[in-house]
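All chains, full assembly: derive it from the sequences and hints.
These protein sequence lines are chains A and B, in that order.
Just so it is clear: in the first sequence, position 67 is 67 by the working numbering, and no numbers are missing.
Just so it is clear: in the second sequence, position 199 is 199 by the working numbering, and no numbers are missing.
Hint data in this document are derived by calculation from the structure and do not stem from the laboratory.
Where is the CB? At the ideal position from N, CA and C, for every residue including glycine.
Think about it this way: if two alpha-carbon atoms lie no more than 25 Å apart in a straight line, the pair counts; the simulated SDA-like pairs of lysine to any residue are:
id	chain 1	residue 1	chain 2	residue 2
1	A	K124	B	A437
2	A	K2	B	A63
3	A	K117	B	D685
4	A	K124	B	S640
5	A	K34	B	I20
6	A	K34	B	P36
7	A	K124	B	P687
8	A	K2	B	G66
9	A	K2	B	M38
10	A	K124	B	V692
11	A	K124	B	D616
12	A	K34	B	L35
13	A	K124	B	L439
14	A	K34	B	V505
15	A	K2	B	D37
16	A	K34	B	R282
17	A	K124	B	L676
18	A	K34	B	S289
19	B	K669	A	T43
20	A	K124	B	H434
21	A	K124	B	D677
22	A	K124	B	S684
23	A	K124	B	E614
24	A	K34	B	M38
25	A	K34	B	T224
26	A	K124	B	N659
27	A	K124	B	P617
Stretch-level coverage of chain A by chain B, calculated; a stretch enters the list once three of its residues show a Cβ under 8 Å from a Cβ in chain B:
id	stretch
28	32-38
29	99-111
Just so you have them, the derived chain A footprint on chain B, three or more residues with Cβ under 8 Å:
id	stretch
30	478-485
31	671-679
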Amino acid sequence: MKRHITATIDGEAREFLCDEDQTLLDALRDVLLKTGTKEGCGTGDCGACSVTVDGRLVCACLVLAAEVEGARVETVEGIAQEGVLHPLQRRFLEQAALQCGVCTPGFLVAAKSLLEKNPDPSEKEVRFWLAGNLCRCTGYDKIIRSVLDAAADLRGESG
Amino acid sequence: MSEEKKFRWVGTRPIRPDGIDKVTGRANYGADFALPDMLWGKVLRSPHAHARIQSIDLERAKALAGVHAVMTAEDLPDLFAEAAKSNGGHDGFNDLAHNVMARGRVLYHGHAIAAVAATSSAIASQALELIDVEYEPLPHVLDIASAIASDATLVHEDRVTQGVEGAGLSNVANRVQLGHGDPAEGFDLADEVIEREFTTRPVHQGYIEPHACLAQTTPDGRVTLWSSSQGHFMVRDYTAKLLDIDLSLVKVIPAEIGGGFGGKTTVYLEPLAVVLSRKSGRSVKMVMSREEVFRASGPTLGTRIKLKLGATSEGVFTAGEATLHYEGGAFGGSSVMAGCMTIFAPYAFPHVRSTGYDVMVNKPKGAAYRAPGAPMAAFALETVIDEMAERLEVDPVDLRLRNAAKEGTLASFGPRYRRVGCVETLEALRDHPHYSAPLGPHQGRGVAVGFWFNAGLQSSAGVNLNPDGTVTVLSGNPDIGGSRASLALMTAEEFGIEYERVEVVIADTQSIGYTDVTGGSRVTFATGMAVIEAAADVRRQLCERAAVVWEVDAERVVWEDGEARLKGESDQAPLTLAELAQNAGRTGGPISGRAALTARGVGMGFGAHICDVEVDPETGRVEVIRYTAVQDAGRAIHPSYVEGQMQGGAVQGIGWALNEEYVFDSDGKLENPGFLDYRIPVASDVPMIDTVIVEVPNPKHPYGVRGVGEVPIVAPIPAVVNAVYAATGVRFRDLPLSPPKVLAGLDGESAA
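This is the structure in structure tokens:
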């Protein structure tokens, strides 16, 4: 028996059918064909599938699709607005904060969520907030710098 | 070197061409492809470390609604058994075939034994539970000591040791030996001799993207595969060979790759997806779960290394000797040869010998892992050097500098070094403020050197001029860490045009000539060389076209600063690339260049790392508090991505040193096949990784490139372990240095 779900996904009203035990991640990727959100583990350990549901940062692999009825879901695909990159995306590009790039969608969503709560985080706060997002390529250095610089951009402190 | 060449683009840090796609979610990785008729394939895996397969009953699975195909090894041709039989049981493709699907016996916990394709992932999973397999469990062997014992359980009943005259059946797949001089004589000349034994555990490359592919087949035998790998030509060749299909009928379209580190240089799912697609007449998508990645894709396995080092009281190495046992997993094929070749490589030794044993155990078939075999070898040598420096009362960097390999040094693995940057790298480390910075209580500092050969191999490249003056570059190498950017930079440099005018395309197996895998730190070096040659081909044509326009001999035209110019006194206005491209149809047709080569002249790479740790005496937890990586890149084409390799390799090595290990229970079952229990470093575990790029150009590459991807993982383990010694006074020789082990060491239980 499929469930009918209505939700706002990346700012757009969407309707879709899902299985009762289908995860939000599988619904996003396989039903809505929004493959920008990645699966790295399926057990909530790697953060590659980070999305926000009504502003709350979650692993989409640990949320059932049926739970987002009426909710607002934001993925990496909604971060750039009308073709303009978010400062986080711009900094990630300028500072080479991605190598293979498969963890990048999760990092961007998680970092954006951090900066919405804490516009001026310390390096330590950024590192602990992002400790649920695994990256095997970069050693995190350039990611952390990009987030700190994007935070400064958003505060209007850098050019 | 001759006078320093001035570059416009090489050495700058523009945004990578594929960057926008990767920060907006548009880039398609292995699991991101779908077709309208697609089925989902899944694999049934062995619950035993070693067992005979008595029977497999597929009937209940086949009867499940939604299941369209079920397969076992019976559906794969058994093509290489004869070749193996005539070679003491050993054949690489026989091993690969029997690894993708077990035949007769399962050899490790996770070994594939059957696969299904169904209309949904959930139905495929359900079908796996309906496959009835009867096993006869067999004794298993899990560690080197048991595997090489005279009465050992054999992983294979028909294999003799290669490299040993008259060898009998054994778990030792291969024995290798190399070196020069006579170590016994060298140890006689030594004032100090230190001999130690080291052990490491299996670790996984830990790429974030699980293996994934999508296969489409047609009734006339054609195969199309979308696949995430380090080489789509490798996927084509291996899949075709295992299934006995003509290469021309197989097209592999490369997906973006979500990390590989050597682990995606072989196939697991692709041959199965093709068979399932043929049986069902539908397209089949397969994606490994994280548990499957840990249990059934290639880690690098456990090692045991005994190493002896001799030095004079002046700190000159007189001899080195090592015996290396590397587990290769269920089929052998470990990286022990590379371990033997790299273990003494950074230094000059008058007498040196390494003997290696490739040991089969009931664990997953090992795969390449970044600088395969070298990090464990460096762990042994570089910690013994640290101990030697202490015994001789010399600075550990000075001791290394006294013995460092330089141009002309006879390398322990055979050749004499050409120009290498071991000395320059060590000097940069010594002169870095980090090396003399003060330390606090419970803190210690360690240093270590890492070496890797780097690879050349085969590459093809195409360069096409578009009528608007932009340039499309074709490469056959999946871009795993920014190689589109480095290829575009070199192209822009070759033509003297804007970087933004160059687009780099990773072409499928039918659209570019053969190209070896993205591995061996080779892409910017070797494929870069092919791109440079193809660009030279195009420049030559551009000069010819300008000659046609000007009605002069082509020899009178030169290419300078992005335009064709007439040599000598002339009032002819130069012709730009855009002008020539636009008029190409009138001067001889479209302009495109190509090159295909086996790259010679690899530039060997050295790195040297400094690590500071703080050890908590209450818990045994080791925290890396400062880290600096120095490396000779030859030439950094895009320095940000060179730094990225150094930082990523350092942190991967820190994880190997401190946390990561496969844990097997006594039945040979992997107990930690997930990122929660197999803990790779997270952002809060590590500090910023400082980098220093040294540039000692490789004289054999047009831009001096050496290749940078692998060197950075070689030095971290000994750098961390030496730092822990400095902080605690305890020398640890068994990885990883997890808190319980360190605490036991502090309590004197495992101290040397």
